[in-house]
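There are 2 protein chains.
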Amino acid sequence: MNGAESLVRTLLNGDVNVCFANPGTSEMHFVSALDRVEGVRCILGLFEGVVTGAADGYYRMAGRPAATLLHLGPGLGNGLANLHNAKKARSGMVNVVGEHASYHIRHDAPLTADIEGVARPMSDWVLTSRAATDIAADGAKAVEAARTAPGKIATLILPADTAWNEAGGPAQVAPPAPRACVDDGAIDAGAKAIRSGKSAAILLGGAALRGKALEWAGRIAAKTGCRLFCEYNNARMERGAGRATVRQLPFAVDAALAMLQDVRELVLVGAKTPVSFFAYPGKPSVLVPEGCSVTKVAGAEADLEQALEAMADALGARGSAPRVNAAAHDTALLAGAITPDGLGALFNVLLPENAIVIDEAVTSGRAFTGAMMGARPHDWLNIMGGSIGWGPAAATGAAVAAPERKVVAFEGDGSAQYTLQALWTMARENLDVTMVIFANRAYKILVGELANVGGSEPGTNARAMLTLDRPDLDWVALAKGYGVEAGRAATLEELAVQFRRGLAVAGPYLIEVVM
Amino acid sequence: MNGAESLVRTLLNGDVNVCFANPGTSEMHFVSALDRVEGVRCILGLFEGVVTGAADGYYRMAGRPAATLLHLGPGLGNGLANLHNAKKARSGMVNVVGEHASYHIRHDAPLTADIEGVARPMSDWVLTSRAATDIAADGAKAVEAARTAPGKIATLILPADTAWNEAGGPAQVAPPAPRACVDDGAIDAGAKAIRSGKSAAILLGGAALRGKALEWAGRIAAKTGCRLFCEYNNARMERGAGRATVRQLPFAVDAALAMLQDVRELVLVGAKTPVSFFAYPGKPSVLVPEGCSVTKVAGAEADLEQALEAMADALGARGSAPRVNAAAHDTALLAGAITPDGLGALFNVLLPENAIVIDEAVTSGRAFTGAMMGARPHDWLNIMGGSIGWGPAAATGAAVAAPERKVVAFEGDGSAQYTLQALWTMARENLDVTMVIFANRAYKILVGELANVGGSEPGTNARAMLTLDRPDLDWVALAKGYGVEAGRAATLEELAVQFRRGLAVAGPYLIEVVM
Chain V
789 MNGAESLVRT LLNGDVNVCF ANPGTSEMHF VSALDRVEGV RCILGLFEGV VTGAADGYYR
849 MAGRPAATLL HLGPGLGNGL ANLHNAKKAR SGMVNVVGEH ASYHIRHDAP LTADIEGVAR
909 PMSDWVLTSR AATDIAADGA KAVEAARTAP GKIATLILPA DTAWNEAGGP AQVAPPAPRA
969 CVDDGAIDAG AKAIRSGKSA AILLGGAALR GKALEWAGRI AAKTGCRLFC EYNNARMERG
1029 AGRATVRQLP FAVDAALAML QDVRELVLVG AKTPVSFFAY PGKPSVLVPE GCSVTKVAGA
1089 EADLEQALEA MADALGARGS APRVNAAAHD TALLAGAITP DGLGALFNVL LPENAIVIDE
1149 AVTSGRAFTG AMMGARPHDW LNIMGGSIGW GPAAATGAAV AAPERKVVAF EGDGSAQYTL
1209 QALWTMAREN LDVTMVIFAN RAYKILVGEL ANVGGSEPGT NARAMLTLDR PDLDWVALAK
1269 GYGVEAGRAA TLEELAVQFR RGLAVAGPYL IEVVM
Chain B
789 MNGAESLVRT LLNGDVNVCF ANPGTSEMHF VSALDRVEGV RCILGLFEGV VTGAADGYYR
849 MAGRPAATLL HLGPGLGNGL ANLHNAKKAR SGMVNVVGEH ASYHIRHDAP LTADIEGVAR
909 PMSDWVLTSR AATDIAADGA KAVEAARTAP GKIATLILPA DTAWNEAGGP AQVAPPAPRA
969 CVDDGAIDAG AKAIRSGKSA AILLGGAALR GKALEWAGRI AAKTGCRLFC EYNNARMERG
1029 AGRATVRQLP FAVDAALAML QDVRELVLVG AKTPVSFFAY PGKPSVLVPE GCSVTKVAGA
1089 EADLEQALEA MADALGARGS APRVNAAAHD TALLAGAITP DGLGALFNVL LPENAIVIDE
1149 AVTSGRAFTG AMMGARPHDW LNIMGGSIGW GPAAATGAAV AAPERKVVAF EGDGSAQYTL
1209 QALWTMAREN LDVTMVIFAN RAYKILVGEL ANVGGSEPGT NARAMLTLDR PDLDWVALAK
1269 GYGVEAGRAA TLEELAVQFR RGLAVAGPYL IEVVM
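Protein chains in written order, with this note's numbering: chain V, 789 to 1303; chain B, 789 to 1303.
In short, the hints are calculated from the structure, not lab data.
Note: identical chains are not told apart, hence a pair may lie in one copy or across any two.
Keeping only pairs whose Cα atoms sit at most 16 Å apart, straight-line, the calculated EDC-like set for lysine to aspartate or glutamate is:
id: 1; residue 1: K1268; residue 2: D1257
id: 2; residue 1: K1084; residue 2: D976
id: 3; residue 1: K1000; residue 2: E1093
id: 4; residue 1: K1060; residue 2: D896
id: 5; residue 1: K1084; residue 2: D971
id: 6; residue 1: K1084; residue 2: D972
Starting from the given sequences, assemble the full structure and let the hints guide the process.
This is the structure:
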């Protein structure tokens, strides 16, 4: 067997059985091996940002890495923005990046580039295989790196001759190490802060926002009266009626400071000290109010369920019923113009149970997603690295990971443009995604930021760079171009019809909401 | 004035007056300065690959750098593939990349990344400004780097506080240094090789393929009988009837070896020793036949017109009429099915004089573009780094640089998908581009490469990764989505109607050629 086949069989040994791909000539022996060996599902993206973003969404829902297949330095370059988002989300994946045959690199052919240099800024682990006989062992190390809790970006660079030359067999992959337990000292420090008598809050992050960990946090809140917060962005959060009540810190610095202003004991469980998304003249970077102590109980890599259970015990909260969100999904739909309140009510009522929500609606989203805490229980996935163009790709990967669940992607029209090619992959794989595009015809968030900077009305150049009109994007036509059914809504009534239609279709559906 | 304004005024001092942009919050003070200061034309791309590819196309036609404006590490990441192509084309540009305020970086906010690390593999020059008072001088250095012959990728990273803090005035920019003359020793060596009596050829590259330099080469060929070749890809080549006859080396290794097989003296003027695009088992990387001497007269950075004029004098060719392509644009159009011969004849006849041709048609293009040497005189631009997704972006920039000329972009359906967002910029700026998409519904080049590797019929996974059907892309709908008029052609007659229509429209037009 050649090196490529030994790698495919090694990936399968490590339970990596989905490959999001955009290959080229230098990957052809790997393509051939994937074609010969049974067991890996290969899914094509027409652009590499779709590929890496899909692997991120897949990891968040499947809890295990997918592989990606990328073509040399430029192909990896096209995937970098969503690798950045995935790295910030602490998602695991194994990127297989083709390289020229080792003896060919020095000739500086057109596609020659410093692939390790491109990989390093957005990877946790990078290795170039030196020989066909190394690939299996290198691949095993890549999978082991990717599966290191909570997840890592592993990039394995595969010179073409290491893929086509004769190799040994596949390698065994060590099972993932269990997450590290949090020690008593940290638990006690956290518990002490909460019972200090001062205004206390827990900032939850990572896996603390899901399952039993979240339940334990809800019990602690019920028992002690402390508040639960989470960061503005979270890789995957269980939300909705019956889930523990957790308030999300706002994006805007002043609003975040206001929400935290009377907290005097801030306890971190899976989260970092909160900082502002961007810096602004005269505003702080760190969002902790003056006089507030910060106690770190556990980082995102630790066993957060164990940590929160132990804290609940230390605080006598084991028997308490969690403080949870009340159901708010039986209210009436509003009618008329598209308003934040109307959107909040509509999605609260219509979001199906167990939906996976992809949130990249930016300005439009901020106006209503906070109002959806009382919707039917669902998972909520945020863009973690702030690089827009994540949503369509992440929705693709999430739908592959959880084919039995409905994926609802809330998208800004600006954001969705970076990876709109994902629509084609959704159509080809018949992925069950309803994508709602909020078409406000602008980088609306930037229009607000410019007003903060300049004060005056935008002139010709600012309008040129911040608006998406002249011409308006026709999202229904774009969806048709990719074979995805679509409709348009300009009122809340039309949106309700369209959203119900999207939910009824067992495949992709796109709705352009004219704002 | 703040740092951002001092930079804008410095760019103008260096004749940088076009900015292809996709900005974010950290660039807002730069956006504001571009809005206040008159003189820079700002052009939005909906994806950063459009932005950097447009700057490449612009440089190739305008001969001076544009600026780009990109949002932090991920925004730069999205632009890397076309920076790679631009670097290999030796195009000059000044990338202005926003960064967090310097004091904010250590807080590791979501968009924090190693921007210099992302920039380095695809840049010739990288600098992060340290203070507002440095920006003007840093900007001047960036423009000077970008204008270094034949052109360099300069990436200037601008922390937000260096943009918003108070600075001094703008800086002066040193004029570009003239290209270095080629010394007599190199000229004599080249001339000696050509008159050696052995079978001689000149391999031309860079600026040797244009204007007076190309004419001198044509005179040398006429006088001495030596042949003229160029590499497979060229940044900008003057072709068509009445231009010196230059044969392009084929992509396929065996065909390139065959074309060069009887050459015994190969003289390089602006070109490198020819190498194969990819390596293949058992095939050579270097395409020079055994027993052939290689003489380098000048690299791409040198004054190639001076070099070829001096060689012509050394060879007594000053008075010779150049050996040129015969006109072949008055032949009859063929009818019926879309065939390589039919395409060659059609474009030979219909290509307008002085057109700028963007060639990213890959498999389809190879079949007919070689037959277009007798078309009306035109410029021909190749993708230089091999990273597909260059064409729509480069066409955008070329059309901005040369508004009085018609741009014809030949595109593969696979290639055009990576940067199809360029269609919107073409519509907004009413750019005079006729884009011809050869829709063969596959990465056809890879289907061929796989056959070389595997021999057998592609299976499920190979088909999944190499075909673009299920569903077919509807390019007419995609164009409509971006506000671009479009039509479809399934026969040569329909294509003639569509192509004439595209030429008649004073703005973008897209043709889907169903193969």
